[in-house]
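S.K.: Take each chain as given, in its own frame, and dock them per the hints.
For the protein sequence lines, the chains are A and B, in the order given.
Sequential numbering from 21 applies to the first sequence in our numbering.
Sequential numbering from 338 applies to the second sequence in our numbering.
Check the hints yourself; a few may be wrong.
[Unchecked claim] Think about it this way: if two alpha-carbon atoms lie no more than 27 Å apart in a straight line, the pair counts; the simulated DSS-like pairs of lysine-lysine are:
| no. | chain 1 | residue 1 | chain 2 | residue 2 |
| --- | --- | --- | --- | --- |
| 1 | A | K109 | A | K79 |
| 2 | B | K558 | B | K515 |
| 3 | A | K161 | B | K371 |
| 4 | B | K515 | A | K79 |
| 5 | B | K595 | B | K515 |
Think of the hints as simulated: they come from the structure by calculation, not from any bench.
Please read these numbers as outputs of a predicted model, since none were measured by experiment.
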Amino acid sequence: MKIRRLGLALALTVWGTALSFGMAHAAEDTLYHDLGERPGITQIVNNMVAHFLTDDRIKEHFEDTNIDRLKGMLVDYFQKTVGGPDVYKGTNDMSVVHRGMHLRNSDFNAVVEDLQKGMDEAHVPFATQNRFLALLAPKQKAIVSR
Amino acid sequence: MRFVFLSALLLCAAVAVPAYADDAQPANPSLLDKGMALFDAGKLLATGGVSQLEGAGGGGLSAWALISGYGTRDGVGINGHVTYVDVNDYSLWSEGAAIGLFDRVELSYAHETFDTEDVGTALGLGKNYKFDLDVYGAKVKLIGDAVYDQDTLLPQIAVGIQYKMNNRGALLHAIGAKHADGTDYYIAASKLFLAQSLLVNATLRETKANQFGILGFGGDKHGDYSTQFEGSAAYLFSRNFALGAEYRTKPDNLGIAKEDNVWDLFAAYFFNKNISLTAAYVDLGNIVIKDHQHGVYLSLQAGL
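The shape of chain B in the complex, shown without the other chains (with noise of 0.2 Å):
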């Protein structure tokens, strides 16, 4: 399934390539050739982002106010993901899909496994036992353009929603989880200091999740919403390439285990508008009975 999907991205983008080369109109435009004019792909490059673990444009860890895409105010961008983290004993795949509306609205996909490894055997639930999590985003920018705005300290202004559902529930409740599923509710800021080649991001996100999700939802050391903060800045050393860091705080909910703020450093590199390949080093902090877990984070990003 993961490499159908992956085949398929990459196909999209080889046939993309290709059909922008050919700038030409045709006389008759079909409602077909009106269809695919939608996908303008005139935002500049790297303006979109990359795809966030749970499908958001953003960074790495965390959802950015910028509206996935290269679809301008008059056009859509769409663009799949496909990302795998491995840390000391766990690894985890995300794959999804974002679709950029007139650079205002974006809704997302994504679908992410968890894989416990070892720890599945330690655990009792078998080796390799899997955690499978759906997230469904809407995200919308209400103020301000980071591109454009210059002459203003006012940052792009999002905000979004994320529905998450975890398939392990009767395990999830056995662990101290309140819920299998959750919505989680952010506002975001982005701002690009173009003349200091600097990207700043900053996220409030009001969330009950465990671990992003893949643990549940509120626990039994705390059940409710709490108030989580993202924070990254790239800095752009080309238009293809950026190199950036990453913090996001995270709840502490289960009783069962401790939970860390997570941070990464990652480089991205935009072959161009179709393809982006981004590569992190992660630390994920404890996650249950192993502490440290830090590793690689890949992600291989391709749309029109």
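Here chain A stands alone, though its shape is the one from the complex (with noise of 0.2 Å):
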């Protein structure tokens, strides 16, 4: 009974600690700084679009796309989701922004998926990553459009 008692004690001091290590961790600093600020976001981006364009799930979607005027809107509305200082020119309606792209649950994780690749390759820490990604995580309602 006793070692059900520690064992019990452990899952729950397990539970507790991983829930007040994500909480702490989302307070410290700030995400922007986090992600490599400018920088780092450009190079996110740039690995992510890398991706984009030879993903056969979303590549398609790019054909008729300017990859440096999409490049630098990404990285301005990065930097701006994540408390950057830099102004972000376009729209925040990510409807507006997908209009006409009759994308699909799987093409916004299939850019997710991307997403985390070029991160990886900046050497982002996975609980960063995440924080950045809850941040995107709700644009999904307004992106996918059938």
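M.R.: Rendered as structure tokens:
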């Protein structure tokens, strides 16, 4: 019985520690800083867009895209999203940005996976990646239109 | 039978992996191609959970609100599992399959075999006396999305049902169980706190099951439904690896033996969207004449 209690206490401790760990980490410093500020975000976007263009699931969507302009908009939008100082001139309404693209949920997730790869290549720690993705995830409703 | 099933699982995975590598769309897709395209594997890694003991998408012991498999709201996903639990005086196998339809509905089946090993001899049932349990499950996601709804505290909520059938009716009645079959109803809430890399689940289950149904349903001490709780949390260390803990309460219906709540500490590794492996330390408490039943839980899952 003692061992079971001990085990239960251990389980709750792990749970509690994980919870407080996550909360504390989320609060410290700004995400903009943790992503490497503008140079870091530019690197992430370059890596991600390179994956878009070779990703058979989604590359067709970029056939007529001005890639340099796309990269610039993404860097501006991402840095703004994570509390950066620069101006984002585009619209914040993601349903407008993606109008007419008829994106499916699997397209959205393919983009997420390419972003994750891009962040891996930029050596962004997993927990930091998730703090960033948590800000982007709610855009799914506006971006996925079918 | 078990090894045939396991081989079939691995074969499915082996076929599926190269299929993903070749994403080229045929010019004139056949009906088969269109059908296969439904297996869009479009969900993010690990967001289908694993298969719990009774076959539903969840952790090891608890059912979660997540829909099993990697099909998005436009697709389907199927998977099979083989689970082995070995505690001091008993062992259990669970094999089953689940299908997730459009990230909305989950249908599952699991077959559990509980081996009494030497306890069977002690009880006069014979060495390695076994109980077999068939579990048919269905789950429907009602509201919320555990992954995308990061701007609200609202969890993903699902309701589920598990119909369980035990093959040892006569013996179960002899030990005081009221029924050889029974139905569990549950409501589950799952929430991914993505910024904290933490998945949290809570489930309320209406059940009559004694030891998950292995010892029948209802008993001489208490015959009716009671509300039980399942809670779990998992911390994601990477896209492939999670560590977590689960706790599940159970009724105590039978006069012949005290029944305890159970818990586990688990590690889950997702090799890819086709194969995952879960290993856990599990504590099942008292089971009939043997107390402190703790040991290992191993589960292999494969799917498309």
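S.K.: Given the hint that K161 (chain A) pairs with K371 (chain B), test it: the Cα-Cα distance must not exceed 27 Å.
M.R.: Distance of about 26 Å is within 27 Å: holds.
S.K.: Check whether the Cα positions of K595 (chain B) and K515 (chain B) lie no farther apart than 27 Å.
M.R.: holds (16 Å)
S.K.: Does the alpha-carbon distance linking K109 (chain A) and K79 (chain A) stay inside the 27 Å limit?
M.R.: holds (25 Å)
S.K.: Check whether the Cα positions of K558 (chain B) and K515 (chain B) lie no farther apart than 27 Å.
M.R.: holds (10 Å)
S.K.: Would the pair K515 (chain B) and K79 (chain A) pass a check requiring their Cα atoms to be no farther apart than 27 Å?
M.R.: Distance of about 60 Å is beyond 27 Å: violated.
Of the numbered hints stated above, the single one contradicted by the structure is hint 4.
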